[in-house]
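Engineer: The sequence shown begins at 32 in this note's numbering and counts up one residue at a time.
Keep in mind that the hints were calculated from the coordinates and are not lab data.
Note that the Cβ used here is the ideal one computed from N, Cα and C, for glycine as well.
Careful: at least some of the hints might be erroneous.
Derived lysine-lysine pairs resembling DSS-like cross-links, with alpha carbons at most 27 Å apart [as the list claims (entries may be wrong)]: (1) K186 x K312; (2) K157 x K184; (3) K200 x K186; (4) K184 x K259; (5) K256 x K200; (6) K118 x K186.
With beta-carbon atoms standing in for the labels, derived distance ranges [unchecked claim]: (7) I297 x I113: 55 to 63 Å; (8) K296 x Q255: 22 to 30 Å; (9) D133 x E336: 28 to 36 Å; (10) S188 x L215: 37 to 45 Å; (11) M132 x N278: 52 to 60 Å; (12) Q175 x D252: 28 to 36 Å; (13) M132 x R305: 20 to 28 Å; (14) R91 x T390: 51 to 59 Å; (15) N98 x S391: 49 to 57 Å; (16) Q146 x K285: 26 to 34 Å; (17) R91 x R363: 14 to 22 Å.
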Amino acid sequence: MPTGSLVKATTEFIELMMKFVRSKLKTNNNHDYPQSEHATTNQQINSSSVGNQSRLKHERFMYNLENQVYELQSENDHLHKIIREIKTENETLKQRLASIMDEKAQQKSENQEVQRILGENLHWKKCVDLEKAHAISLEEKYKQEIERYSEEKKKLSMEKCSFEEQLAKISIIYEENKLKLEILENEYKKKIRPEEFEDIFRISELNLEKLKTNYKSEIEDLTQKLCKCESEMRKLALKYSELERQNLIINDQKENTSAALKKYKIENEELIDRLNGNEQKMIELIKLIDDLTKCLTEEKRKNDEQKKITENLDKKLTMKLGVCRSLAQENRRLKECSVVAYNKLKKARTFLRREERSTSSLSNSD
């Protein structure tokens with residue numbers, strides 16, 4: 032049987048017992064026990080004294096029983112109060128435990144969020160490391176390309192200088208030959224006859240044309256080589272500017288990567304601090320749960336003790352109920368005895384009155 036229903040049944044039983052005892056006391060107090068005016072025989076005296084002793088004994092017993100019932104009622108009220116306090120404390124502990132469990136679930140979700148953010152940070156850190164390694168490899172590659180193009184630029188510059196020197200030499204030789212040719216032409220004009228001069232001049236012109244053609248072809252070759260060299264130089268300049276632009280982009284990426292790494296480092300430190308704080312809170316919550324578990328264990332022990340007390344009280348009340356039943360039987364038996372004694376006393380009074388009348392009539396006749 033649950034404790035609440037047992038206490039309720041005990042309370043109802045105590046109230047019924049109180050009503051029963053009060054009714055019995057009222058009945059016994061209002062019961063008219065006739066007293067003999069003239070106790071002349073031993074039988075009348077004995078029956079009257081026995082009735083009075085039984086009545087007093089019964090009243091004393093009922094008074095003691097009422098006191099015991101009052102004590103049981105006060106003890107029952109005290110148990111009611113203790114049970115209410117235990118219920119209130121249990122509700123408080125349940126609310127605290129529910130709030131602690133909610134806080135624990137919240138801390139668990141926060142820890143999961145922190146773990147997720149840490150995982151994302153590790154992922155981004157790996158991506159940043161890969162980008163950094165890729166940027167370093169590109170930087171090395173571009174450095175090698177820049178060095179190679181610088182060497183080619185130097186080589187082409189040297190070839191250009193050599194071509195320009197050769198062209199200058201050819202121009203000087205051409206001018207010298209032109210001057211020599213003019214000088215020879217003037218000398219030949221003075222020494223040689225016009226016919227011979229014309230032949231020589233024609234031969235010289237042919238030779239000169241040949242030389243011009245040869246020089247022109249060489250100059251054109253040198254010019255083409257020079258144009259090719261200039262186009263290569265322009266290409267190299269474009270490649271170099273592109274490499275410089277890519278190098279600037281790489282430097283910007285390096286700066287952004289460094290800033291992102293610093294940011295991730297700060298966020299990781301903050302997350303680690305939060306994780307440490309959450310771990311400290313989890314330790315405090317575990318300690319608080321242990322304390323609450325101890326409190327609940329203690330309350331359970333108290334409840335078990337109260338249950339044992341209630342069971343003992345139930346046993347006592349059962350015993351009292353048996354005693355009350357036996358007392359009710361005794362009361363009925365005493366009532367029957369009282370009725371028999373009252374009838375005997377009534378008969379004795381009637382007999383005494385009759386005897387008194389007969390005695391008075393005899394005395395009057397005398």
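Engineer: For K118 and K186, compute the direct alpha-carbon distance and say whether it is at most 27 Å.
Structural biologist: Violated. K118 to K186 sits at ~99 Å, over the 27 Å cutoff.
Engineer: Does K157 pair with K184 here, judged by a C-alpha cut-off of 27 Å?
Structural biologist: 39 Å, violated
Engineer: Need the status of pair K186, K312: alpha-carbon distance at most 27 Å?
Structural biologist: Roughly 72 Å separates the two Cα atoms, so the pair is violated.
Engineer: State, for the Cβ atoms of K296 and Q255, whether the hinted interval 22 to 30 Å holds or is violated.
Structural biologist: 59 Å, violated
Engineer: Take a look at whether the Cβ-Cβ distance between Q175 and D252 falls inside 28 to 36 Å.
Structural biologist: 33 Å, holds
Engineer: For the pair N98 and S391, does the Cβ-Cβ distance stay inside 49 to 57 Å?
Structural biologist: Holds, since N98 and S391 (Cβ atoms, about 52 Å apart) stay within the stated range.
Engineer: Is it true that the CA of K256 sits at most 27 Å from the CA of K200?
Structural biologist: Given pair K256, K200 holds - Cα atoms ~17 Å apart, limit 27 Å.
Engineer: Does K200 pair with K186 here, judged by a C-alpha cut-off of 27 Å?
Structural biologist: Holds, at about 21 Å.
Engineer: Go ahead and decide if the range 52 to 60 Å is satisfied by the Cβ distance of M132 to N278.
Structural biologist: This hint holds: roughly 59 Å between Cβ atoms.
Engineer: Does the Cβ distance between S188 and L215 fall inside 37 to 45 Å?
Structural biologist: Check passed, 40 Å falls within 37 to 45 Å.
Engineer: For the range 28 to 36 Å, tell me whether the beta carbons of D133 and E336 fit it or not.
Structural biologist: Given about 32 Å between the Cβ atoms, the range holds.
Engineer: Is the straight-line distance between the alpha-carbon of K184 and that of K259 27 Å or less?
Structural biologist: 13 Å, holds
Hint compliance for this structure: hints 1, 2, 6, 8 and 14 are broken, all remaining hints hold.
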